[in-house]
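Chain residues, written in single-letter form:
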Amino acid sequence: MPVLFVLTFVWKRLAGGNPVNQLTTDALSFSFSHRLILDRISMEMRAGEVVVLLGANGAGKTTLLRSLCRQLRPDSGSVAISERDIHLLTRRELAQNIAFMPQHENRQSELTVYEVVSLGRTPHCGWWTPFSKKDMRVIDESLQATGLADERERQVTQLSGGEWKRMMLARALAQDAPILLLDEPTAGLDLKYQFDVLDRIRRMAKERNLVVVVTLHDLNHAAMFGDRLALLAEQTLIAVGTAREVLTPSLIRRAFNFTVTIIDHPIYGTPFVVPMYPAE
Amino acid sequence: MKYRIVMIVIAFVCLIALSIISLVSGAVPISPTAILNWSIGAQPEALTETELTILMQLRLPRVLTACLVGGSLGIAGVGFQGLFRNPLADPYVIGASSGAGLGVALAVVLGLQATMLGLSGVAVSAALGSLLAVAIVFGIGSIGRSSSTLTLLLAGVAVSSMINAVASLLMYLNDNSVVVIMAWLMGSLSANGWNMVIATGIASCFSFGVMWAMSRPMDLFLLGDATSQSLGLDLFQFRILLVVGSTIATAAAVAAAGIIGFVGLIAPHIARRLIGPRHLWLLPMSACVGAAIMLIADVVARTIVAPAELPVGILTALLGCPFFLFLLLSGKDSREATP
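Protein chains in written order, with our numbering: chain A, 1 to 280; chain B, 281 to 619.
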């Protein structure tokens, strides 16, 4: 048995490029100047599933996402891609594996939509290499996927907030990474694109076997598009599971300090959250 | 793509034309056809011995220095505007000019006579002052966990004021050298020989190489820290390379011509109007525009009050400012992407 174990281990090391199939955190803690934000969070995100992070404002959703992609250094604990600690990767390897879409970004650039989206290929092309046929194809696909194909020559200074958001998503898709971390991808989008984008993300997770983690504010979107929901409150994950398991009046009251009733969605049968307003 | 290559070629041709105008104008007029005939070897005796000396020992080094100084300031301006994501940044924003000022003041007050590799001690001292000041600012700005660009900018302002105060104190205590120091800092291209051309050329080519290689990261960096990090950019490494590239260019320009104002600020803006925001094209274009501004300012500086000449640093601002304002206001409603 020990021989077999060693052999498996050696083989795994040698194989190296085995496909990414999970992102795990182990007792991840983080604090901002002595204020504890995340307290020993351990979770596992598997390929092919969409994990939705939920929580009140300031609960630490963005902090968790940024720790997952090494933009924040945790106080303790670790993050690993298929059992490889992300702190052992170079920045470029990290960017080839994880695409992170922040909530906002600087809007000073005067490039065109196409040029900004093409920057998503930087982790693959480095600083100089011109784009190959494959790069161009991936860029075109990402533009198509986000409904920006006709806007490619527009200057980004003219984009609306929602269009900018879609462009950020297109760039994250162009990064072509097996792990996709999206911070509020639907904020600022109109009705059609909220559903378009979530549907696209979900289908891509299944088709390309991606690890997808998104933060959302709309609990009903979470119920419809998330395979698993993770509810952040009190510095930790107070619930992780299916929509049915996580979206209960008591958990939501605990996380958001707000009363809701849960009914069944008349068409999809998923749990449907109805806010009780005005609060009694 | 094609449009941009054409624009660069046009800019280059304009630059050569300006250089020729600069070569033939001055106290001793030399006919351009004579230069042409001489240079292609058709008529070796087209230029007299004196004309040849003036051309080769005075005007050609001067024209080349003007181009190199303007070009260096042009790319340093692009570098600092990119680094701070701020269109108001110029090559002197984190202390290069105050460092140079102190360097010159020290060299003059101490009566530095030495030359180094054929360069005057004052010029070398100015360049070292610039480099040292920026190094101090960058060192301070990088202390602590969050080395943000804002810290760097504020550290630059603070350190510059302090260095300026020391330089003022030196001048106050040695009031007989004030005129020499001021005249040096106001900028002139007159006292430069071939050694300066070679030194400035090496420095600015190095800077241009470093920065051009980073043109894609520079595009990326404008989108913010979070985005550039998530696309694999090591921010610390990027900042340090960008500061090194921009500062070496600035120091070279300062050593060759004193503190030339305004070129480093407006050349990137004019270039952006002409060729768009992509750094791959913006950097060479800004270098061309900067060089052109310097050439024009220099020709005016030495012809307008001939046989005397004005400090070129005064003219860059005097001529550059109205032109820049014209561009700023005329382009207001045509901010479409360049085709």
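None of these hints come from the bench; they were simulated from the model.
Careful, some of the hints might be misleading.
[Claimed, not checked] In silico DSSO-like links for lysine-lysine, alpha-carbon gap of 30 Å or less:
| id | chain 1 | residue 1 | chain 2 | residue 2 |
| --- | --- | --- | --- | --- |
| 1 | A | Lys-206 | A | Lys-134 |
| 2 | B | Lys-282 | A | Lys-206 |
| 3 | A | Lys-206 | A | Lys-192 |
| 4 | A | Lys-206 | A | Lys-133 |
| 5 | B | Lys-282 | A | Lys-134 |
[Said to hold, decoys possible] Residues from chain A shown here face chain B by an in silico Cβ test under 10 Å; the list is partial:
| id | residue |
| --- | --- |
| 6 | Cys-69 |
| 7 | Leu-88 |
| 8 | Arg-92 |
| 9 | Trp-127 |
| 10 | Met-168 |
| 11 | Arg-171 |
| 12 | Ala-172 |
| 13 | Glu-184 |
By construction, the Cβ of each residue, glycine as well, lies at the ideal position given by its N, Cα and C atoms.
Against the structure, the hints:
1. Of the pairs offered as hints, the one joining A:Lys-206 and A:Lys-134 holds, with about 22 Å between alpha carbons and a cut-off of 30 Å not exceeded.
2. Between the alpha carbons of B:Lys-282 and A:Lys-206 the distance comes to roughly 41 Å, so the proposed pair goes past 30 Å and is violated.
3. For the hint pairing A:Lys-206 with A:Lys-192, the CA-to-CA distance comes to about 21 Å; that is within 30 Å, so the pair holds.
4. Taking the CA atoms of A:Lys-206 and A:Lys-133, the gap is near 26 Å; set against the 30 Å cutoff, the hint holds.
5. A hinted pair counts as satisfied when its Cα atoms are at most 30 Å apart, and B:Lys-282 with A:Lys-134 qualifies at roughly 22 Å.
6. At about 6 Å, the closest approach between the beta carbon of A:Cys-69 and any beta carbon in chain B falls short of 10 Å, and the interface hint on this residue holds.
7. For A:Leu-88, the suggested interface contact is broken, since its CB lies about 15 Å from the closest CB of chain B, more than 10 Å.
8. The beta carbon of A:Arg-92 is positioned within 10 Å of a beta carbon in chain B (closest approach about 4 Å), and the interface hint is therefore held.
9. Given hint, A:Trp-127 at the interface with chain B, holds; its Cβ is 5 Å from that chain's nearest Cβ, closer than 10 Å.
10. Taking 10 Å as the C-beta contact cut-off toward chain B, the hint placing A:Met-168 at the interface holds, the least distance being around 8 Å.
11. The beta carbon of A:Arg-171 is positioned within 10 Å of a beta carbon in chain B (closest approach about 8 Å), and the interface hint is therefore held.
12. Hint on A:Ala-172 holds. Least Cβ distance to chain B is approximately 8 Å, under the 10 Å limit.
13. With a cut of 10 Å, the hint placing A:Glu-184 at the interface with chain B is violated, because the nearest CB-to-CB distance is about 13 Å.
In the structure shown, a violation is registered for the earlier hints numbered 2, 7, 13, in ascending order.
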